[in-house]
Amino acid sequence: SAVISQKPSRDICQRGTSLTIQCQVDSQVTMMFWYRQQPGQSLTLIATANQGSEATYESGFVIDKFPISRPNLTFSTLTVSNMSPEDSSIYLCSAQGGQGGLDTQYFGPGTRLTVL
Amino acid sequence: AQSVTQLDSQVPVFEEAPVELRCNYSSSVSVYLFWYVQYPNQGLQLLLKYLSGSTLVKGINGFEAEFNKSQTSFHLRKPSVHISDTAEYFCAVSDIQGAQKLVFGQGTRLTINP
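Protein chains in written order, with our numbering: chain A, 781 to 896; chain B, -3 to 110.
Please keep in mind that the hints were generated in silico from the structure rather than gathered at the bench. Values in this document were obtained by computation on a predicted structure and should not be read as measured data. Treat each hint with caution, since some may be false.
To be verified - Interface residues of chain B toward chain A, partial, derived using beta-carbon atoms under 8 Å:
hint, residue
1, L44
2, K45
3, Y46
4, L47
5, G49
6, K65
7, P75
8, F86
9, Q96
10, F100
What the hints assert, rightly or not - Here are the simulated BS3-like cross-link-like pairs (lysine-lysine), alpha carbons at most 30 Å apart as the crow flies:
hint, chain 1, residue 1, chain 2, residue 2
11, B, K54, B, K97
12, A, K787, B, K65
13, B, K45, A, K845
Cβ coordinates follow ideal geometry from the N, Cα and C atoms, glycine included.
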């Protein structure tokens, strides 16, 4: 399976600022995804990070609030812009394809974000 | 579109007892099925998956699950739990075509009591 790392592991931010989360995979993968896990809740897909093109966002998520980059087959970033306390969540990236197989997503350890 | 229902939000069990975590799904197309585990303050780890073939799948840490197409269920079982199994368990589905996006259930918190 692919090994996925995320930076930072956690952060405390002020309202109105932005935070960029990095996701690195140890091998080339076909697809990368970003999820949000609000406190005590399940995971919700934010977007699919497409290599070399704009991300595909799910209903309720927009590019201005959550810009995503994927410059190559092993790396992606998610920015949480103009943050408010409602953005306090765990943000997880996942990867699919490559050594892990085409049918299974593997997850990073998550970034725990607290917005004051 | 797919949806997943985990019927129990919390399951308390005594150590060495058997456990079953229930998962039902809804989909108009064929799906892949997954169970993930999330230990406190960690990311998600794949426990097991059903793609095709035998309906009984075995995973890590002694867990197994059975796919029942007629009942659209994928219940997770372990014959004897350990304190270290205390975690949040998520059932998820993806369609076998297209982008294979995962849809998660609400999760079941498994608490093992000594």
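Go through the numbered hints given earlier and state which of them the structure violates, listing their numbers in rising order.
Hints 1, 3, 5, 6, 7, 12, 13 not satisfied by this model.
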